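There are 2 protein chains.
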Amino acid sequence: MVLDRLKQVTQHVTGTAPRPHPFDPLSGSEIESAVALIRQEHGSLHYNAITLWEPRKAEMLTWLADPNHTVRPHRVADVVAIGRGSKVYDGLVDLDEQKIVRWEFTEGVQPLITMEDLQIVEHVVRVDPKVIEQCGIIGIPKEDMHKVYCDPWTIGFDERFGNKVRLQQALMYYRPHVDDNQYTFPLDFTPIFNSDTQEIIHIDVPSIRRPVNQAPANNYHPAAIEAEGGYRKDLKPINITQPEGVSFTVDGRIIRWQNWKVHVGFNYREGIVLNNITYNDKGNERGIFYRLSLAEMVVPYGNPEHPHQRKHAFDLGEYGGGYMTNSLALGCDCKGAIHYMDASFVNRAGSSETIKNAICIHEEDAGILFKHTDFRDDSVVVTRGRKLLISHVFTAANYEYCVYWIFHQDGTVQLEIKLTGILNTYSMNPGEDTHGWGTEVYPGVNAHNHQHLFCMRVDPNIDGPLNTVFQVDAKTGPGEVGSAENKYGNAFYAHKTKYTTAKEAVSDYDGSTSRTWEMANTNKINPYSHKPVSYKLVSREVPALLPKEGGLVWKRAGFARHAVHVTKYEDDQIHPAGRHVPQSSGEPSAGLPEWIEKHGDTSIENTDIVLWHTFGITHFPSPEDYPVMPAEPMTLLLRPRNFFLKNPALDVPPSYALTPSQKATLLGGFKGTDGTDKASVRV
Amino acid sequence: MVLDRLKQVTQHVTGTAPRPHPFDPLSGSEIESAVALIRQEHGSLHYNAITLWEPRKAEMLTWLADPNHTVRPHRVADVVAIGRGSKVYDGLVDLDEQKIVRWEFTEGVQPLITMEDLQIVEHVVRVDPKVIEQCGIIGIPKEDMHKVYCDPWTIGFDERFGNKVRLQQALMYYRPHVDDNQYTFPLDFTPIFNSDTQEIIHIDVPSIRRPVNQAPANNYHPAAIEAEGGYRKDLKPINITQPEGVSFTVDGRIIRWQNWKVHVGFNYREGIVLNNITYNDKGNERGIFYRLSLAEMVVPYGNPEHPHQRKHAFDLGEYGGGYMTNSLALGCDCKGAIHYMDASFVNRAGSSETIKNAICIHEEDAGILFKHTDFRDDSVVVTRGRKLLISHVFTAANYEYCVYWIFHQDGTVQLEIKLTGILNTYSMNPGEDTHGWGTEVYPGVNAHNHQHLFCMRVDPNIDGPLNTVFQVDAKTGPGEVGSAENKYGNAFYAHKTKYTTAKEAVSDYDGSTSRTWEMANTNKINPYSHKPVSYKLVSREVPALLPKEGGLVWKRAGFARHAVHVTKYEDDQIHPAGRHVPQSSGEPSAGLPEWIEKHGDTSIENTDIVLWHTFGITHFPSPEDYPVMPAEPMTLLLRPRNFFLKNPALDVPPSYALTPSQKATLLGGFKGTDGTDKASVRV
Ligand SMILES: [Co+2]
Ligand SMILES: [Co+2]
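Heads up: the protein sequence lines correspond to chains H and X, in order. The numbering used here puts the first sequence at residues 1 to 683. The numbering used here puts the second sequence at residues 1 to 683.
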């Protein structure tokens with residue numbers, strides 16, 4: 001690590017920085033270099049996104065196989081820019097050749113809303129006469145307009161306005177004091193903002209008016225806690241330290257840890273992207289995943305009253321999980337020895353900006369990895385596990401999403417998401433009925449029912465790119481109780497269904513059969529089990545999409561209709577709800593439904609495929625979730641099945657080991673990791 | 001803590017030990033005192049179990065409400081003893097009155113198999129001529145009989161032998177070397193052992209013989225790892241220390257931590273029993289659970305070939321999760337500051353024996369408890385969580401079960417079970433087909449399909465004993481897409497079904513509706529949400545019981561047929577598969593089915609009830625699980641819903657907090673828990 005640092009410093013000083021890895025995100029200077037080229041040809045534009053146009057897979061696989069003797073994939077910038085009149089341009093800039101290789105005006109789409117786009121709205125709202133008028137009606141005098149706030153959301157889709165004009169809806173709040181939690185004081189009307197002209201073009205006003213909440217503030221900042229008796233004083237510290245540093249090495253953005261190797265990318269949209277994940281299996285570096293990311297999400301709210309149907313944020317596609325990422329510069333989100341990575345983006349004006357410490361990489365103790373005691377003599381082996389977490393936290397207006405990609409020593413990759421932050425709220429009058437569409441979490445505060453549905457994109461590379469997906473259901477064996485073949489009725493087995501086309505692979509979760517999905521390489525058979533090497537998706541938080549078929553959310557969030565989709569790999573199929581999500585009507589449904597409609601009969605057997613998995617939770621709020629929500633975790637596992645010859649973590653040093661013969665001879669056992677001869681203590 | 005210890009030492013020296021709490025397990029001297037009384041009246045017996053006969057609830061609630069002015073419940077020993085001819089006696093001994101208050105000969109039952117019962121079998125097997133003969137047939141010469149091992153299991157139920165005679169089946173293995181993992185060398189025949197006469201009465205021999213495995217050993221002990229290249233050397237230490245000690249207090253067996261109070265009991269059967277769990281809600285000590293335990297489990301194997309149908313261990317009811325508990329005397333299973341509790345049991349001869357450090361109580365860091373950043377100005381609060389774990393680990397022959405009862409600061413109680421140890425294995429010939437009933441995890445080693453199904457017993461006390469259970473399903477709202485009431489199709493809500501009788505409450509899991517169950521007190525309404533205070537069971541690992549209706553497992557493990565049962569509270573209904581499980585035929589099905597058959601129409605609404613929840617996993621083995629299995633976790637949550645007025649953890653000191661006004665004025669923010677003024681660093 002020290003040598004790595006020294007190398008970096010030297011390179012910085014001498015200007016001999018190594019060429020970026022083809023998977024590396026664009027650097028600040030690469031971003032600005034792309035902007036300079038575009039400016040030259042197309043003049044002044046607002047920049048929406050400039051991100052790595054990832055190397056085409058065929059070319060990249062060739063390069064990865066032999067980087068020294070093949071052509072290095074070019075660095076290419078994928079650009080979204082906006083001109084006057086909300087005109088959207090999609091472009092590609094080849095940075096190696098310093099030229100624009102694609103430049104298209106794209107009609108009828110709206111690219112995502114950036115943080116800068118969001119920040120403008122509140123200022124406009126506060127001085128708009130129509131907004132001031134509405135505030136007056138519900139009890140906010142115009143001299144208090146500086147106490148009015150808004151969370152600007154994309155409009156989602158509103159058929160009255162279509163998608164020709166770039167719009168945001170302003171969810172309105174009030175703060176009696178600047179430090180008050182505004183979600184206790186939601187306002188009942190919703191201005192519509194034109195991002196191009198920076199004007200309020202319409203206000204949705206409900207038929208029943210709701211004066212601003214008169215309840216006392218409900219805060220969680222230190223002064224509020226002090227006023228209610230102060231912080232608890234009975235927590236003694238737990239110190240987690242790594243005096244010798246971390247157990248992983250960092251080579252550019254490639255992390256090596258416990259036989260794992262992974263390239264850590266990041267983009268404005270998906271946040272963390274993990275590429276070329278391999279496992280060193282006794283000297284043999286075996287491919288497992290070519291690419292893993294959280295590709296999209298949607299948070300539909302369940303209140304059918306207008307205009308709440310518009311509340312169904314695609315936090316990645318409409319705002320960008322990367323753009324909204326917290327800077328962990330203060331280092332207070334994690335414990336132990338942390339390695340951080342920054343993230344660079346383009347701003348509206350075309351300069352690059354950096355989120356310091358956007359990605360956190362650290363290890364944690366993982367409790368018992370394995371243990372077995374022989375009941376005859378108490379001979380035992382017990383080994384503690386370790387895990388590696390690659391994480392970021394993003395703030396989507398009211399909510400926080402903490403995303404942890406976790407690598408385990410036993411070959412498992414886990415995705416854990418913790419949900420925290422604040423409920424989206426709407427105003428209600430005293431005594432008003434929620435009609436079951438929400439919960440009054442505090443007087444005058446209606447938190448609507450909603451779902452958090454995430455789509456994980458898995459590009460498997462199980463011992464190579466030719467993979468096949470099987471659905472696995474636990475099923476009872478044939479034969480009734482009493483029959484010769486199943487006399488006692490206890491027969492059961494794993495029923496495997498091979499998906500041969502994308503249309504066949506559209507599938508839902510089935511809890512009763514403990515359904516899992518195996519990504520297998522049928523060309524490579526485990527010599528012991530005689531089954532194909534595979535990784536199994538084990539995911540149990542898989543609610544059905546509750547918005548109905550044919551409805552707005554169903555149309556726009558096609559990926560969320562089913563738990564699993566499988567498609568044949570295509571370089572440009574990255575975004576399961578489409579490339580430009582805001583104001584998409586869902587007619588036709590972009591992304592997955594479109595691809596499957598077009599190529600649903602193409603074979604997905606023994607070929608390069610992508611598995612899309614939608615999971616999440618249905619959230620019926622309660623007062624415990626307010627004013628700030630205790631983290632709610634959800635998790636899924638990608639587990640090796642028939643991939644290894646045995647438990648790949650057997651060589652992790654045990655905390656304690658004593659064999660029967662050691663026990664019998666009263667000789668010392670294995671020395672524990674703390675250096676003491678534990679057997680001699682024990683026997 | 002120091003004072004506590006001093007008090008204990010003083011009491012020990014002066015002999016003025018305080019009277020046990022009525023929930024305390026029987027002490028060694030109480031056990032021996034019961035034995036002395038029984039011996040006087042009934043002479044020589046083998047003791048199977050002597051455990052606390054828990055105070056009757058009505059009496060106990062009265063005492064708990066006012067311990068100083070009500071009669072203290074008597075200490076009563078619940079006794080199971082075995083006389084000659086496998087005669088089973090169930091008795092109660094009142095220790096306060098020093099008399100036997102009940103003594104019954106119970107016909108047609110077999111109490112559980114103790115560790116002592118298990119230990120005998122291997123010795124008998126090794127010298128039995130019929131066993132020696134069978135060993136010879138599959139290639140083990142008689143001079144190698146010391147290399148033959150067996151895991152004795154209860155016979156489960158075998159209709160050929162019924163339940164008049166106390167039987168065990170010996171699952172046979174071989175160890176070329178004493179330190180070899182025997183599960184690589186399973187033998188193909190199964191002796192039946194009579195526990196009363198200590199003889200082999202029968203041997204089940206398969207029609208196809210399978211010579212003992214000739215594959216090399218597959219071990220995980222240090223010498224085996226060294227022979228394959230040694231332990232990995234790239235793990236740097238993670239130190240977890242609590243220099244100021246733990247954050248909980250211990251008063252006898254009552255633990256107080258972060259507003260929680262819980263009495264930690266333990267018995268030979270269920271292991272940890274948590275009683276009288278309350279939460280101090282701003283000075284108001286509110287009841288949540290009267291009693292929580294893992295009450296039963298069953299592990300059915302899915303191979304229908306005789307005699308594998310007998311492999312369906314009830315590890316708690318047939319062996320005892322307490323009896324099989326590991327001593328953690330070496331302290332190497334957990335990190336940080338640990339408080340241990342011992343466990344005392346009776347042995348066969350009637351003396352008391354103690355497992356040192358049977359229960360581990362410790363805290364762990366729990367990551368982000370809550371966080372919110374205001375996207376306008378990066379004002380933020382981030383607070384780390386802490387959890388309290390009360391755990392034990394038990395070894396059920398080949399498998400290890402690590403049971404963690406986890407208390408969270410947000411009011412959540414979590415049950416986590418980690419499964420590790422070694423697969424149960426059976427022999428197979430080279431090239432033999434598993435027929436899908438198992439996996440060849442190593443040459444010659446067939447690991448059969450199986451399920452691990454646990455039954456958690458929840459005796460809720462949600463603000464008092466009068467509780468009601470509701471099934472909660474996420475459902476789409478009425479009205480088709482386009483209708484006035486649901487124009488965009490996005491309406492959805494929590495559909496609640498009240499269970500009014502035990503028969504109605506028999507219910508399965510439904511993943512598609514994200515089904516949960518609420519234990520509510522309908523007499524107490526949350527003033528904000530206007531909904532009853534409740535705790536919600538959130539459990540996602542809920543496979544269907546795969547053995548078929550009417551079959552052996554289905555009959556014997558009635559509790560496992562459904563995810564949830566609810567019964568009206570009865571003092572004697574503790575064991576959902578019955579009090580004496582081994583050799584029960586399941587005709588009629590003991591425990592839950594019997595109780596519901598008898599009292600299924602009694603109201604369970606707004607009364608004292610018990611909820612029984614069956615959860616677990618279906619396990620299709622793979623080579624990665626062998627020779628010792630990486631821990632597989634499963635978990636469930638009991639979460640407060642409408643129980644608190646707000647997030648009850650708001651007063652946990654934050655790692656970092658900065659309000660908008662602090663940010664704006666560039667003044668210092670809240671001092672972080674590490675003492676630095678972080679705001680001034682940040683702004
Ligand atoms: Co939510
Ligand atoms: Co298992």
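Among the clues, some could well be false.
Derived, one-sided and incomplete: chain X residues facing chain H with beta-carbon distance under 8 Å [stated by the list, open to error]:
#, residue
1, P18
2, P20
3, E244
4, T439
5, Y488
6, T501
7, K548
8, V553
9, P660
Treat the hints as calculated values from the structure; they're not laboratory data. What you are looking at is a predicted structure, and each value in this text was computed from that prediction instead of being measured. Glycine included, C-beta positions come from ideal geometry on N, C-alpha and C.
Hints versus structure:
1. P18: violated, 24 Å
2. P20: At about 27 Å, which exceeds the 8 Å cut-off, the nearest Cβ of chain H leaves the hint on X:P20 violated.
3. E244: Result: holds, 4 Å to nearest chain H Cβ.
4. T439: holds, 5 Å
5. Y488: holds, 4 Å
6. T501: With a closest approach of 24 Å, the X:T501 hint is violated.
7. K548: This hint holds: X:K548 lies near chain H, its Cβ roughly 3 Å from the closest one there, short of 8 Å.
8. V553: holds, 6 Å
9. P660: With a minimum Cβ separation of about 5 Å from chain H (threshold 8 Å), the hint on X:P660 holds.
In summary, the structure is inconsistent with hints 1, 2, 6 from the numbered list given earlier, while agreeing with the others.
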